[in-house]
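Chains as they are written, first to last, in our numbering: chain U, 1 to 424; chain W, 1 to 424.
Since the hints were made in silico from the structure, they are not lab data.
Wrong hints could be hidden among the right ones.
[Claimed, not checked] A few chain W residues that don't get close to chain U, going by computed Cβ distances all over 10 Å:
no.: 1; residue: Arg24
no.: 2; residue: Asn26
no.: 3; residue: Gly34
no.: 4; residue: Glu75
no.: 5; residue: Thr76
no.: 6; residue: Glu79
no.: 7; residue: Leu87
no.: 8; residue: Asp89
no.: 9; residue: Arg108
no.: 10; residue: Asp195
no.: 11; residue: Arg214
no.: 12; residue: Ser271
no.: 13; residue: Pro295
no.: 14; residue: Gly424
[To be verified] Pairs of lysine to aspartate or glutamate residues, derived as DMTMM-like cross-links and limited to a Cα-Cα distance of at most 25 Å, are as follows:
no.: 15; chain 1: U; residue 1: Lys73; chain 2: W; residue 2: Asp410
no.: 16; chain 1: U; residue 1: Lys243; chain 2: W; residue 2: Glu99
no.: 17; chain 1: W; residue 1: Lys23; chain 2: U; residue 2: Asp345
no.: 18; chain 1: U; residue 1: Lys243; chain 2: W; residue 2: Glu413
no.: 19; chain 1: U; residue 1: Lys243; chain 2: W; residue 2: Asp101
no.: 20; chain 1: U; residue 1: Lys97; chain 2: W; residue 2: Glu375
no.: 21; chain 1: U; residue 1: Lys97; chain 2: W; residue 2: Asp345
no.: 22; chain 1: W; residue 1: Lys185; chain 2: W; residue 2: Glu151
no.: 23; chain 1: U; residue 1: Lys16; chain 2: W; residue 2: Asp316
no.: 24; chain 1: W; residue 1: Lys243; chain 2: W; residue 2: Asp366
no.: 25; chain 1: W; residue 1: Lys73; chain 2: U; residue 2: Asp410
no.: 26; chain 1: W; residue 1: Lys73; chain 2: U; residue 2: Glu413
no.: 27; chain 1: W; residue 1: Lys23; chain 2: U; residue 2: Glu342
no.: 28; chain 1: U; residue 1: Lys243; chain 2: U; residue 2: Asp307
no.: 29; chain 1: W; residue 1: Lys16; chain 2: U; residue 2: Glu342
no.: 30; chain 1: W; residue 1: Lys97; chain 2: U; residue 2: Glu95
no.: 31; chain 1: U; residue 1: Lys97; chain 2: W; residue 2: Asp89
no.: 32; chain 1: W; residue 1: Lys97; chain 2: U; residue 2: Asp89
no.: 33; chain 1: W; residue 1: Lys243; chain 2: W; residue 2: Asp297
Note that the structure is a prediction, hence the values are computed from the model and not measured.
All C-beta atoms in this analysis are idealised placements derived from N, C-alpha and C, irrespective of residue type, glycine included.
There are 2 protein chains.
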Amino acid sequence: MSIQDQVHTAREAAYKLAVATEKRRNEILIAMGGLLSQEREAVLEANARDAETARKADLAGPLYKRLVLSDRKVETMIESLRSVVALPDPIGGQEAKRELDGGLLLTRVRVPIGVIGVIFESRPDALVQIASLGIKSGNAVILKGGSEAKETNRVLHALFARAIVEAAPELAGALQLVETREDIKAVLALDDEIDLMIPRGSNELVRFIQQNTRIPVLGHADGICHLYVDSGADEVMAGALAKDSKTQYPAVCNAIETLLVHESVSSMLPSIVATMPEVEIRGCERTRTVVDCLPADEDDWSTEYNDLVLSVKIVDSLEDAIAHINRYGSHHTDAIVTHSSEAADQFLRRVDSSSVLWNASTRFADGFRYGLGAEVGISTGKIHARGPVGLEGLTTTQYRVVGAGHLVADYAEGRRSFTHRELG
Amino acid sequence: MSIQDQVHTAREAAYKLAVATEKRRNEILIAMGGLLSQEREAVLEANARDAETARKADLAGPLYKRLVLSDRKVETMIESLRSVVALPDPIGGQEAKRELDGGLLLTRVRVPIGVIGVIFESRPDALVQIASLGIKSGNAVILKGGSEAKETNRVLHALFARAIVEAAPELAGALQLVETREDIKAVLALDDEIDLMIPRGSNELVRFIQQNTRIPVLGHADGICHLYVDSGADEVMAGALAKDSKTQYPAVCNAIETLLVHESVSSMLPSIVATMPEVEIRGCERTRTVVDCLPADEDDWSTEYNDLVLSVKIVDSLEDAIAHINRYGSHHTDAIVTHSSEAADQFLRRVDSSSVLWNASTRFADGFRYGLGAEVGISTGKIHARGPVGLEGLTTTQYRVVGAGHLVADYAEGRRSFTHRELG
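Let the sequences and hints guide you as you build the complete structure.
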C-alpha cells in the first residue's frame, strides 16, 4: 500500500473512530494489552534481533539502552495500557452551552482531532504510549519509529492492528506504521489528510519536522531552562534546587542549562556549585572571581548541553535575569528562588515560558507530575497547547447548533433578537 | 525603521503589554476612541484621497464600497472601540488549580500570545477592530492593510499610536503598520518574533499566507458549506433555510454553495428553489429531472461561488450526504434539515466541520451570533481554535508552580508522593 493509501485509510478509520463510544475505544486498549501480554515472547524476540543489529552497528550507548526491552519493560507497557483505559474520556465533553434565542441552542463539544502523525526515535515503548493515547482520544495515528527498532515496532504494530480488528473490526486501519525516511517525506507532504504532527526525539528531529511540513507541529526543539537565584534567596534551598534542576536527570528537556545569580548573593555561588561536584561549570567573568571554573562564552547562553555542564552568570537585577531568559532561553521552563513574593510575581508573569516556577525544581514541568494523567509531549509553541500536554492536546472542539428552522434574516432585519443566555 | 526593527519593537512592547492591567489596556482603548472621535475629519480626508485614487484606478465595485468611509461608518468604529472596552478581560483567568503536593501548587493561567500579525484587505474598519482586540487581549499587533486604503490606514494607525503614547507611554510600539508587499514577505519570514498570523480577506490572500510562512495561521481559505435536506424534512422549513443560507448574504464564507437532498424528498426541490428565483441553479442529473436548471459538473461540488449560484445534488442516503460533505466541503459550516433526532445526531457527530447545525441556517456560524462578544475570524483548522474565534483565540496559557524548595529527586526516590488534588 502506498503512503497516500495508508494515510487515506487512517483518515477513513478516523471518521469512524470519532464516533466510537468510550467503551469501544477502551475495549480496543484492553485487547491491545491482552495481545501484548500473550505475545510478549514475540516482542522480545524481535527486539533481540534489533539489539543484535544495533550491537553490530555500534549504536551509541544511550540509544542502545533505550532500544533494548526486558520482561520488566514489556510489563510496564502492559501496565501503561491499563492506565490509559482508566483515564477519563477526553472527548464528548460539553465546554459551553448557550441559548442564542428561544429554541436555538449552541454547544461546544470536545472532539478528536482526526489523524495524527507521530515520529519517535529508538524507544519502542513510545509506540505503545502514542498508539494508546491516540485510540483513547479517538484519533487515527500514523506511527514512524526509529529504524534501529524496526523489528520491534513491526511486531508491536501488528499486534495492535490485530487487537483493533478483534475488538472493533470497523476501525481497522486506525493505526498505520511507516518505516523509511522516504515514507516520512511522503507523510509530511500530506497536509490535507494529517491534522497534527508530534515529533518525539532529538532537537534535530523536531527541527527537521518543523522545517519540512505545513502540518501543525506540537513539541519543542530546545529545552534551554534557567534557575534564577534572587537577592535574599535561602542559600540551602538555592543549592538544593540548582542541584535537582541540573543533575536529577540531566539528559532531559526540563533540566537547567544556565544558573543566574543576583550579584548581591554571588557569595552563595561556591556553596551552590559545591552541591554538584560532578558538574562542569562555565562561568561569566564575575562568576570566575568567586568560583574556580571554565569561562563561558556567548554561545553557552544558548546551548542545551543535555549533560553535566552548567553555565553560570551573575546579573545585576531581577530585570536583567528576566531579559536574559527571554532572550537566550527556549520559552520552555524557568524558575526563581526567592523569599520575595513581589519578585516572584514579577518573574512568573514576565518570563515568557510555558512553565514558570517559584521555589521549585524545573524538573517538575512534566505531564505526569502536573497530574495530567498522560503526557503527549511538552510544547513551547503558543498555539493550541503550551507546556506539558495531556490528552486534551489530542482533541479539538466543534460548535453544534440546534434550532427549529431559525433564519438569520429575522435577526438581520430586526424581527428577532438574540438572548445569548449561558446555560449549565 | 526596518521591518525587523519594527517587529522587534512590537515584541518588546508585547512583553510590557502582557503585564499591563486590564484598566491600563482599557485606558488605551478609550484614548483610541477619543482621538478617533476628535480627528474624524482627518480620517475622512485621508479616505477621500484613497477613494479618489481608487476611482482613477477603476477599483472593482465591492472593493470600492468596502473602502469608502462615511460619518456613519466612523461612528460605528468609535462604537466598536467602546464595545471592546466593555468585553470581559480575556487574560489573567485561572483555568486549573491543582495541589501537586503539600505546599506545591500548580495553576494554569490565560496569558496573551505575544505578537500577532494581521493582514487585511480594503476595509479600513478591519484595522480598528483588530488593533482594539489585540490591545484588549494584551498582544502587540503588526498591521498590514490593503494598498487601496493606504492613506486611511496611515492616519488611523498614527492616531492609535498616539493614543498609546498618551495613555501608556511605556507601551509605545505595540501597534506597527507595514505597507508594501515586500514588507509582508519580510514579516512572514520572522517566525521567531511573530507568534500568530491572521489573514482576513480573499481566499487567495489566505492561501498565500498559509503557503508562505512557518508562523501558525488562523483562518480559513474556503467556505464550501452545505445544507442537507433529509428524508421526512418539513418542506416549508427546508425552503426557508435554503433561501436564508444561500441568499441572506451570498458573498460570505458561511453561505451555502451546495444543497443536498435525500432522494425520497426530491419532489420538494421545485418548491425549495422557487423560494430563491434570483439564484442560478446547477443540478446533478437527477436534479435536472425535477428542476429545470443548468448541469453541475464535478468542479461545482468544490467551488465557492460567493455569489447567487447554488449547486444541487440528490443523494441516496444520510450516509452519502455526510460522505459528500466530508469529501468536497471545506470543514467550515454544514447544516441538516430533518425531523429525525437520530439522523440529526449522526449528522452533527459525523460531519467533520467546525460548525454543524440542525434545523438552523448556516449563516448563524459567526462570533457575534454565537455570543462570543467579538470575532477574530473563523478557523477551519483543528489546532488552537476552531470555528468562530473570539478573544480567547488571541490568548494562550502558562503553567505556574509555587513551591517551598520542592525537589523532584524526593518523588523519584520515593521519599514523597504527589497528591494531585484539584482545587477551586
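Hint-by-hint comparison with the structure:
1. Every CB of chain U lies more than 10 Å from the CB of Arg24(W), the least distance being 14 Å, so the non-interface label holds.
2. The claim that Asn26(W) is not at the interface with chain U holds, since no C-beta of that chain comes within 10 Å of its own (minimum 19 Å).
3. Listed as outside the interface, Gly34(W) is consistent with that label: its C-beta sits roughly 29 Å from the nearest C-beta of chain U, beyond the 10 Å cut-off.
4. Remark: the non-interface label on Glu75(W) is consistent with the geometry, its nearest Cβ contact in chain U lying 19 Å away (cut-off 10 Å).
5. With a closest Cβ-Cβ approach of about 16 Å to chain U, Thr76(W) is found to remain outside the 10 Å limit, as its non-interface label requires.
6. Under the 10 Å C-beta cut-off, the non-interface status given to Glu79(W) relative to chain U holds; the minimum distance is some 17 Å.
7. The beta carbon of Leu87(W) is kept farther than 10 Å from every beta carbon of chain U, the shortest such distance being approximately 13 Å.
8. With a closest Cβ-Cβ approach of about 15 Å to chain U, Asp89(W) is found to remain outside the 10 Å limit, as its non-interface label requires.
9. Consistency note on Arg108(W): stated as away from chain U, yet its beta-carbon is not over 10 Å from all of that chain's, at 8 Å minimum.
10. A beta-carbon of chain U comes within 10 Å of the beta-carbon of Asp195(W); the shortest separation is about 5 Å.
11. Some Cβ of chain U comes within 10 Å of the Cβ of Arg214(W); the nearest lies about 7 Å off, and the non-interface call is violated.
12. For Ser271(W), the non-interface assignment is confirmed: its Cβ lies about 15 Å from the closest Cβ of chain U, beyond the 10 Å cut-off.
13. At roughly 28 Å, the least C-beta separation between Pro295(W) and chain U is larger than 10 Å, which holds for a residue marked as non-interface.
14. The beta carbon of Gly424(W) sits about 14 Å from the closest Cβ of chain U, which is more than 10 Å, so the claim that it is off the interface holds.
15. Restraint check for Lys73(U) and Asp410(W): satisfied, since their Cα atoms lie roughly 23 Å apart, inside the 25 Å limit.
16. With a C-alpha separation of about 24 Å, the suggested pairing of Lys243(U) with Glu99(W) holds against the 25 Å cut-off.
17. Note on Lys23(W) and Asp345(U): the hinted pairing holds, with a Cα-Cα distance of about 19 Å set against a maximum of 25 Å.
18. Restraint check for Lys243(U) and Glu413(W): satisfied, since their Cα atoms lie roughly 15 Å apart, inside the 25 Å limit.
19. A distance of roughly 20 Å separates the Cα atoms of Lys243(U) and Asp101(W); the hinted pair therefore holds under the 25 Å criterion.
20. Of the pairs offered as hints, the one joining Lys97(U) and Glu375(W) holds, with about 18 Å between alpha carbons and a cut-off of 25 Å not exceeded.
21. Distance restraint check for Lys97(U) and Asp345(W): the Cα-Cα separation of roughly 17 Å lies within the 25 Å cut-off, and the hinted pair is therefore satisfied.
22. A distance of roughly 21 Å separates the Cα atoms of Lys185(W) and Glu151(W); the hinted pair therefore holds under the 25 Å criterion.
23. About 20 Å separates the Cα atoms of Lys16(U) and Asp316(W), which keeps this hinted pair within 25 Å; it holds.
24. Distance check on the hinted pair: Lys243(W) and Asp366(W) sit about 18 Å apart at the alpha-carbon level, within 25 Å; holds.
25. Straight-line distance between C-alpha atoms of Lys73(W) and Asp410(U) comes to about 23 Å, which keeps the hinted pair within the 25 Å bound.
26. At most 25 Å may separate the alpha-carbon atoms for a hinted pair to count; Lys73(W) and Glu413(U) meet this at roughly 19 Å.
27. Restraint check for Lys23(W) and Glu342(U): satisfied, since their Cα atoms lie roughly 20 Å apart, inside the 25 Å limit.
28. At roughly 13 Å between alpha-carbon atoms, Lys243(U) and Asp307(U) fall within 25 Å of each other, so this suggested pair holds.
29. For the hint pairing Lys16(W) with Glu342(U), the CA-to-CA distance comes to about 17 Å; that is within 25 Å, so the pair holds.
30. This hinted pair checks out: Lys97(W) and Glu95(U) have alpha carbons roughly 18 Å apart, not beyond 25 Å.
31. For the suggested pair Lys97(U) and Asp89(W), the alpha carbons sit about 20 Å apart, so the restraint of at most 25 Å is met.
32. At most 25 Å may separate the alpha-carbon atoms for a hinted pair to count; Lys97(W) and Asp89(U) meet this at roughly 20 Å.
33. For the suggested pair Lys243(W) and Asp297(W), the alpha carbons sit about 22 Å apart, so the restraint of at most 25 Å is met.
Checked against the numbered hints listed earlier, the structure breaks hints 9, 10 and 11; every other hint is satisfied.
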